[in-house]
Amino acid sequence: MTLLVRWCQRYRWLVVAVWLISLIAATGVAQQKGARFSQDLGVTGAESQQAMDLVASIMPDRKLPDLEMIVVRARAGDVQAPEVRARVATMIEQIGKLPGVGGVFDPYSPLGAVPLGGSPLSADGHTAIVSVLMKGSPTSPDLPAMRALIATARDYDGPDLQVEVTGPATTVVVQGTISPWPIALGIGVALIILCLAVRSPAAVTICAVTAGATTAGALAGVTLLSRQANVMQLAPLLALVLAFGLSLGSALVIVNRCQSGLRQGLKPEDAARAAMRHPGRATLAGSLGLAVVMLGTSALRLRVFDGLALAGFTAAAVSILVVATLLPALLRICGSGLLVWAERTYLLATGTGLPVRPGLRVWWAGIVGRHPQVLAGAAVLLLTALALPVVGLRLGGTDNGVDPTSTTSRRAYDLISEEYFPGLNGQLIVVATGVSPDQPAALPHLLEALNHTPGVTRAFLVLQNAPTASALIQVMPSDPPRSAAASDLVHRLRSSTVPAAIAYTSLEVYVGGQTAIFEDMSDRFARVLPAFLLLELGVLGLAVLLGLRSVRHSLAITAASMLALAATLGVITSVFCNGWLASGLGVRTGPIEPFILGLILIIVFGLSIGMHLTLLSRLRGSADAPDPQAAISSRHADVGGVVITISMIMVAVFVALTTQQVRMMKLLGVGLSVGVILDALVLRVVLLPALIHLVGLDHRRGGDPPPPNPTAAPRRGPRRRLLPAGVPMSMGPAGLLRLDIPAAGRRPPGAPRAAGGAHSPAATQASRSTGVGEPSRKPWP
3 MTLLVRWCQR YRWLVVAVWL ISLIAATGVA QQKGARFSQD LGVTGAESQQ
53 AMDLVASIMP DRKLPDLEMI VVRARAGDVQ APEVRARVAT MIEQIGKLPG
103 VGGVFDPYSP LGAVPLGGSP LSADGHTAIV SVLMKGSPTS PDLPAMRALI
153 ATARDYDGPD LQVEVTGPAT TVVVQGTISP WPIALGIGVA LIILCLAVRS
203 PAAVTICAVT AGATTAGALA GVTLLSRQAN VMQLAPLLAL VLAFGLSLGS
253 ALVIVNRCQS GLRQGLKPED AARAAMRHPG RATLAGSLGL AVVMLGTSAL
303 RLRVFDGLAL AGFTAAAVSI LVVATLLPAL LRICGSGLLV WAERTYLLAT
353 GTGLPVRPGL RVWWAGIVGR HPQVLAGAAV LLLTALALPV VGLRLGGTDN
403 GVDPTSTTSR RAYDLISEEY FPGLNGQLIV VATGVSPDQP AALPHLLEAL
453 NHTPGVTRAF LVLQNAPTAS ALIQVMPSDP PRSAAASDLV HRLRSSTVPA
503 AIAYTSLEVY VGGQTAIFED MSDRFARVLP AFLLLELGVL GLAVLLGLRS
553 VRHSLAITAA SMLALAATLG VITSVFCNGW LASGLGVRTG PIEPFILGLI
603 LIIVFGLSIG MHLTLLSRLR GSADAPDPQA AISSRHADVG GVVITISMIM
653 VAVFVALTTQ QVRMMKLLGV GLSVGVILDA LVLRVVLLPA LIHLVGLDHR
703 RGGDPPPPNP TAAPRRGPRR RLLPAGVPMS MGPAGLLRLD IPAAGRRPPG
753 APRAAGGAHS PAATQASRST GVGEPSRKPW P
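Residue numbering for the sequence shown follows the working numbering, starting at 3 and increasing by one per position.
Take these hints with a grain of salt, some might be off.
[To be verified] Straight-line Cα separation of at most 25 Å, BS3-like style, residue types lysine-lysine; simulated pairs:
| no. | residue 1 | residue 2 |
| --- | --- | --- |
| 1 | Lys65 | Lys99 |
| 2 | Lys99 | Lys137 |
| 3 | Lys65 | Lys137 |
| 4 | Lys65 | Lys35 |
| 5 | Lys137 | Lys35 |
[Unchecked claim] Distance windows between CB atoms, simulated:
| no. | residue 1 | residue 2 | range |
| --- | --- | --- | --- |
| 6 | Tyr110 | Ser24 | 57 to 63 Å |
| 7 | Val174 | Gln34 | 19 to 25 Å |
| 8 | Val553 | Arg590 | 42 to 48 Å |
| 9 | Pro439 | Pro101 | 16 to 22 Å |
Hint data in this document are derived by calculation from the structure and do not stem from the laboratory. All C-beta atoms, glycine included, are put in the ideal place defined by N, C-alpha and C.
Could you put together the complete structure from these sequences and hints?
Now the structure itself:
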């Protein structure tokens, strides 16, 4: 590490040039190639995934159909009025000419009932559904074509006609719509916090350049990898947050430590090396731990995690490279410019930095040091109370009914639920294979059983493929997709209805669809979640064990981190499942999507492990102090402010997500904000320092060394003796040094000094010629 830092400092401009050229080239190639993100959330080997694969083989074009619905409602009268029919006909004609549209089903013709298995006109005649078959697929939708379809249909919305759009691709477009102003405001607040923390323009520039380079490299890498592997559409968001947080946190910690070294009188290059050697290693170890967790996550074989793990690993790897190479070069380029002008002037005049008055963090560190038992107990009780609601966590999929009413997908959802039935918003599919001419009654018997199942409005045959001996059946549930009744219907079909209907036949039946996919995903996620958490906490515990070399500290910190993760999940459950404060956030209750929960857990862990190691490494260096407890409090106050600053910067960005309209963004914003706040204000400000006070410190074998003494000049050359050779010495009372000079050589009290004595000019000259010096002109006691 030291050799790499020295090399990057020596060839700093070469390092900057290489990074600049690499980032420009990677970004250019990524933009030229483009991204190819997947919407496939299926679980490998699950029944729903098998159903989706079989549907692709049954369809003539060998892909899943993307069927969108345009809901038309007459605000006055009914949709059979001549002026309404003429307006709908014009809209259908225009939509049919759009690129990416495969076909449009006129609700006034017999073909309009084919996609729905029933009349597209509502019972009261006020509403009609226009089905549109897109050329894309639900897992890889044509988003530009879908945006054009939404815009064209919405153009016909007016005082006499309401037109809304819903469907799989519409949901992707709506959920991908993000308002940039709250995020820009959050970034502005984060920048203000950063400026207040480091103050120097050069220091702010170093932090911003480091974060920007890491983010650009990670996004380019994820974009290129999306063309070679299965990468989710949320992967760029994960890569952006992790790359920004990891690199900015590392840069802020290292810059702060470098500034402290400069204030203590170190040369700029020495201050940079010291900062990279100790807190730099801790932050790099955190990024390396995240990379290891991401590699281990891919072994869980959950497609949701696979698409996110690759993005997380890319962000961690790029962060390690930037912090280890580009950051030392930038520190060497800026040199003493990391300090503001007043500090540099004072340092040149006095040799030390400006005195710092004890602030709030010093007071708080003293409180933690004096009452560690009380504060640790209070922190544990708080985290436990927040974690209790996690027992009511319900995993699953939501639907457009949780979107805000300002979105067209939500309004279409409400119209369908009111005019038809809620289950039309999320249909199930049943795929039957082994359809044999020798058993002609098998398929009709299955259809009859499905239609008589409680919770099914209707089931109908969509397509039968004789060459593949398979058939596709559409099942319309009575309840909305996010309801518990819809989940119960999936289990009922799989456990009782289908097995009873296909007994003694050659049929093999698979149940799929939106609700079935999320049920399988939730089941698999619930099974692999303990392994995922064990992997995260195991890597954290191992990192602490290697850094502090203490099993007690490792176990205590791992337990505290596990409790903080449980508290984060408890808050998410309280808000989004139980409805606490849901109205204030503008969200509706419902199950939690597993891939969103996985995203939150990965980001919270990725941002916390480096800061944990930084704080613990700094506190661990207090073991050799004369008063270890006081040293722990002092170092807690020293590094605590930096850790809180990093967390507040990230919270400012995450809070901006809670202001977005889409529930998924609100869930991300609340989950990440709560996770970072609990991690910073409860764990690193209270619980971890209190545990260090309680558990104690062994003799230091790791951690940061004591800070250098700014008044001690560097020793050059060999040590010089202060006494002539041959003078015996011994340790006197109270640890004082005593010179055992023979009595014959002592001068009686009151006797005149002999010529050529110890302090005569001759003796002084002799001592200088022999290299023996004296510490002062005072006579020996």
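- [ ] Go ahead and decide if the range 19 to 25 Å is satisfied by the Cβ distance of Val174 to Gln34.
- [x] Given range 19 to 25 Å: holds, Cβ gap about 24 Å.
Open item on the list: Would the hint linking Lys65 and Lys99 be met if the CA-CA limit is 25 Å?
Closed with: Holds: Lys65 and Lys99 sit about 22 Å apart, inside 25 Å.
TODO: Note whether the CB distance of Val553 and Arg590 lies within 42 to 48 Å or breaks it.
DONE: 47 Å, holds
TODO: Kindly confirm whether 16 to 22 Å is satisfied by the beta carbon distance between Pro439 and Pro101.
DONE: 42 Å, violated
Open item on the list: Holds or violated: Lys137 and Lys35, Cα atoms, limit 25 Å.
Closed with: 22 Å, holds
TODO: With a cut-off of 25 Å on the C-alpha distance, tell me whether Lys65 and Lys137 pass.
DONE: 10 Å, holds
Task: 25 Å limit on alpha-carbon distance, applied to hinted pair Lys99 and Lys137 - done: With a Cα-Cα distance of about 13 Å, the restraint between Lys99 and Lys137 holds, given a limit of 25 Å.
Task: Whether the CB-CB distance between Tyr110 and Ser24 falls inside 57 to 63 Å - done: 60 Å, holds
- [ ] With a cut-off of 25 Å on the C-alpha distance, tell me whether Lys65 and Lys35 pass.
- [x] Roughly 24 Å separates the two Cα atoms, so the pair holds.
Comparing the model with each earlier hint shows a violation of hint 9 alone; every other hint is respected.
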